[in-house]
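As numbered in this note's numbering, the sequence shown has no gaps in its residue numbers, which increase by one up to the final residue, 883.
No lab work stands behind these hints, which were simulated from the structure alone. Watch out, some of these pointers could steer you wrong.
[Claimed, not checked] DSS-like cross-link-like pairs, simulated, lysine-lysine; straight-line CA separation at most 27 Å:
{"no.": "1", "residue 1": "Lys377", "residue 2": "Lys416"}
{"no.": "2", "residue 1": "Lys366", "residue 2": "Lys399"}
{"no.": "3", "residue 1": "Lys246", "residue 2": "Lys523"}
{"no.": "4", "residue 1": "Lys262", "residue 2": "Lys158"}
{"no.": "5", "residue 1": "Lys633", "residue 2": "Lys523"}
{"no.": "6", "residue 1": "Lys674", "residue 2": "Lys654"}
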Amino acid sequence: MNYGKENAAKRSAQLAGRGKRKRHSAGLAIIRISLICIVSVFVAGGIFAYLYAKNLISQLPEDVSEINISPTGYLSKVYDSDGHEIETLAATGSNRTYVKLENIPENLQNAFIAIEDSRFREHNGVDVQGIIRAAYTGVTNGFDFSQGASTITQQLLKNNYFTTWTSEHTFADSLNRKIQEQYLAIQLEKVVSKDTILENYLNSINLGQNTLGVESASQRYFGKSVSDLTLSECAVIAGITQNPSKYNPIYHAEDNAKRRKKVLNNMLEQGYITEAEYNEAIADDVYERIQVANTDYGTSSTSYFVDALTDQIIDDLQNKLGYSETEAYSLLYSGGLSIYSTQDSRIQGIVEEEVNNTENYNNIEKISFSYRLTITKADGSTANYSDITMLSYYQASDKSYNLEFDSQEEADAAIKAYKEAIMEPGDEVLGESITYTLQPQAAMTVIDHSTGQVVALVGGRGDKKAAKTLNRATGITRQPGSTFKVVACYAAALDAGGMTLASVENDMPTTYADGTKLSNYNKEYLGWTNIRTAITYSINVVTVEVMQDIGTSLGYQYAQDLGITTLTDTDNNAALALGGITQGVTNLDLTTAYSTIANGGEYNAPIFYTTIVDHQGNIILDNRENQSKRVLKETTSWLLTSAMEDVMTTGTGKAANFEGMAVAGKSGTTTKNKDTVFAGYTPYYTAVIWGGFDDNTPQSYTTYSKVIWKAVMSRIHENLEYKDFTKPSGIVTKQVCKKSGKLAIPGVCDCDPRGSQVYTEYFEEGTEPTETCDHHYVGTVCSATHMFANSECPAYTGVFILGAAPGTADAAYGLDATTFGQYCPIHGGYPLPNSGTVGGGGAVAPANPGGEGTIEVVPAAPAAPPAVPPAAPPAVPPAAPAQ
Numbered sequence: 001m002n003y004g005k006e007n008a009a010k011r012s013a014q015l016a017g018r019g020k021r022k023r024h025s026a027g028l029a030i031i032r033i034s035l036i037c038i039v040s041v042f043v044a045g046g047i048f049a050y051l052y053a054k055n056l057i058s059q060l061p062e063d064v065s066e067i068n069i070s071p072t073g074y075l076s077k078v079y080d081s082d083g084h085e086i087e088t089l090a091a092t093g094s095n096r097t098y099v100k101l102e103n104i105p106e107n108l109q110n111a112f113i114a115i116e117d118s119r120f121r122e123h124n125g126v127d128v129q130g131i132i133r134a135a136y137t138g139v140t141n142g143f144d145f146s147q148g149a150s151t152i153t154q155q156l157l158k159n160n161y162f163t164t165w166t167s168e169h170t171f172a173d174s175l176n177r178k179i180q181e182q183y184l185a186i187q188l189e190k191v192v193s194k195d196t197i198l199e200n201y202l203n204s205i206n207l208g209q210n211t212l213g214v215e216s217a218s219q220r221y222f223g224k225s226v227s228d229l230t231l232s233e234c235a236v237i238a239g240i241t242q243n244p245s246k247y248n249p250i251y252h253a254e255d256n257a258k259r260r261k262k263v264l265n266n267m268l269e270q271g272y273i274t275e276a277e278y279n280e281a282i283a284d285d286v287y288e289r290i291q292v293a294n295t296d297y298g299t300s301s302t303s304y305f306v307d308a309l310t311d312q313i314i315d316d317l318q319n320k321l322g323y324s325e326t327e328a329y330s331l332l333y334s335g336g337l338s339i340y341s342t343q344d345s346r347i348q349g350i351v352e353e354e355v356n357n358t359e360n361y362n363n364i365e366k367i368s369f370s371y372r373l374t375i376t377k378a379d380g381s382t383a384n385y386s387d388i389t390m391l392s393y394y395q396a397s398d399k400s401y402n403l404e405f406d407s408q409e410e411a412d413a414a415i416k417a418y419k420e421a422i423m424e425p426g427d428e429v430l431g432e433s434i435t436y437t438l439q440p441q442a443a444m445t446v447i448d449h450s451t452g453q454v455v456a457l458v459g460g461r462g463d464k465k466a467a468k469t470l471n472r473a474t475g476i477t478r479q480p481g482s483t484f485k486v487v488a489c490y491a492a493a494l495d496a497g498g499m500t501l502a503s504v505e506n507d508m509p510t511t512y513a514d515g516t517k518l519s520n521y522n523k524e525y526l527g528w529t530n531i532r533t534a535i536t537y538s539i540n541v542v543t544v545e546v547m548q549d550i551g552t553s554l555g556y557q558y559a560q561d562l563g564i565t566t567l568t569d570t571d572n573n574a575a576l577a578l579g580g581i582t583q584g585v586t587n588l589d590l591t592t593a594y595s596t597i598a599n600g601g602e603y604n605a606p607i608f609y610t611t612i613v614d615h616q617g618n619i620i621l622d623n624r625e626n627q628s629k630r631v632l633k634e635t636t637s638w639l640l641t642s643a644m645e646d647v648m649t650t651g652t653g654k655a656a657n658f659e660g661m662a663v664a665g666k667s668g669t670t671t672k673n674k675d676t677v678f679a680g681y682t683p684y685y686t687a688v689i690w691g692g693f694d695d696n697t698p699q700s701y702t703t704y705s706k707v708i709w710k711a712v713m714s715r716i717h718e719n720l721e722y723k724d725f726t727k728p729s730g731i732v733t734k735q736v737c738k739k740s741g742k743l744a745i746p747g748v749c750d751c752d753p754r755g756s757q758v759y760t761e762y763f764e765e766g767t768e769p770t771e772t773c774d775h776h777y778v779g780t781v782c783s784a785t786h787m788f789a790n791s792e793c794p795a796y797t798g799v800f801i802l803g804a805a806p807g808t809a810d811a812a813y814g815l816d817a818t819t820f821g822q823y824c825p826i827h828g829g830y831p832l833p834n835s836g837t838v839g840g841g842g843a844v845a846p847a848n849p850g851g852e853g854t855i856e857v858v859p860a861a862p863a864a865p866p867a868v869p870p871a872a873p874p875a876v877p878p879a880a881p882a883q
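Using the sequences and the accompanying hints, generate a full structural model.
If you want it as structure tokens, here you go:
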């Protein structure tokens, strides 16, 4: 062979070409195999999906005309703790007055189509474009597939045919139902008209406030038939659908207004309304016409307890089982549930009787009202008026005017006079509603603290209509007053703040760090005062000083741990100790906090049911094992209870005390007596009552909260065996001095000119004092200078208080801390040998051992006490500084 350079190059190129061809062929083969595999996977997947879907479809009725798409469902029943049926749950939609499509305004029909299913009139039951749009939006939003693509037809089938969707627990269950739902939607639209589908949908949809269907929603929100709705009102109702709680036009008007605007925008863009109609609707102040709570529309529940129960069930279905609000609502009112509640019907009846017993209120009843008036003016425009505008009208000439009247007749007369004043010739009344409310109102909750079970709850006075109305036990927040001292201050101080019931603070006129004056309720001050006394007599100054000593963050955290859910960051301050809270608290939260103390420091979430069983007999929610969580030491809870027993026997809670059972409690009132609260417990039950005017009108009488609490709790415990609060291990006693909180010194602390200051206090073992009293001084002083006496001084001998602040009960028996230890510079002689004994020789405490933000007061030398010490005061300290 010729292996010259030229031939060698050709040969090399040939070999290289073969290699490239082989590699190319191999690459093509890999691509072919890959494509075959991909196609095979797709084909196999398609076959599997086809067979899978075919199997699901085979389970559906062959004749789609057999499907009933009319609103249906099973009524749910509520049972009390003894198994007796107490309620049948049926929203107005479940017992609905069916309204034909011809009586539903076109604007309302189009509003729902515009916001829920814009291609409703074009698609065949499934909106492919909508599915693609939702999928694209989900991918571009980080795989958040929250935007739905269900058509109105699919939603109708889901609500009225696929009733078992409420039992779905897995993705597979939902996927199976979705496939069947889409298939049936297509088949249904082959045999049923769009109008029939829309009519049934509009009579089925959940529209909040326990309404199903547009007729009940129209009555609920506007007090008129759906056929009379304006375009603006139609947009309000259509805007509710996506999230009935968030877009509730009564309680979340601003959110609904945003949604209403979107509905109107969609209607304009889709050609359902003109720009002029759009502008008129946007300008309409529709929310002034929407009825407030306490109307006659809603569930059939006549019990505030059942109202709170249904709220908890709706929440648990969403939070524990993953249902949407609409799904949860449908299951509750149409799912045939058996609900085993925690209500003790005997106790519930007692609470209702006493809260509504007018004799308990000392004849202070008033009548208030909620008023709505819509007028058509002569020029065709509308004007809206309410009790708010009415109040402003009257207060323009009388600033003290309020909307509380002695009788309904007086209220009606005021309304009539207002109407006559505002109406002009040619005006016509388009709509008017008045709801009367008895005042003051009250709310009370009773909990079995050993389980967390709410056994009774009342959310208002007066006849509760067959409606889900304002529940003052769960649905409003009010200030708790001094009941919060235990929750936000003393629980933390004893549990983690290094304090005991014997710890003392100087109860004296003082100020907050910002200069705001802090005073006690009766403007009296006891001087050195221990925590037990401060709790017993509800002393504001001591409470705030304790809070400052332990740090407000600690008290804030303990309040949350005890079950207060309404605190905000702005509440982390000293005012928290006195119940000064931005949003206030609910009656249920406050009851839960006290029940935690009553339960030895173990928190149980408040529950309104034990089990919920679905229509097929399956338990879907189970509260029988209510898991407790320790938030206070058992010793702390018992010590707090011990102090609150004193509240009942000698302190501010005497009017609430009753015989035959161990009782502990705490009273509370707020500024100008706008709120009156009493919280307390026995070894069996915890109960908290709130009373006040809905509009915060000051009250002339507040003792009724204690009167009602006593009446309820004494009746509840009539046939129960006497129990005392069980003292845990780890509690010890010591003889201590009231003025120092330290070990008492015989011959000193028991020789205070006001009587012995020695008493027996309980302590958690390891926290008892080891030092002796350092606030009492026994010796001889000069009557002129009040300093240590010399032999030539006009002197007197006695027991004195160190650090006594001016303006306090200690002042008359105090020595000037700034000159203490110094001898009289005026008179001569030798120092008397018995001068200068401070208790047992301990250090002198500062005038005000407070925390950050307190002011230090240097007491002035008091006038010389008489040679004979004053008689000891009675055993009961001064009148309660706060309620």
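For each hint given before, does the structure comply? Return the numbers of the non-compliant ones in rising order. 3, 5
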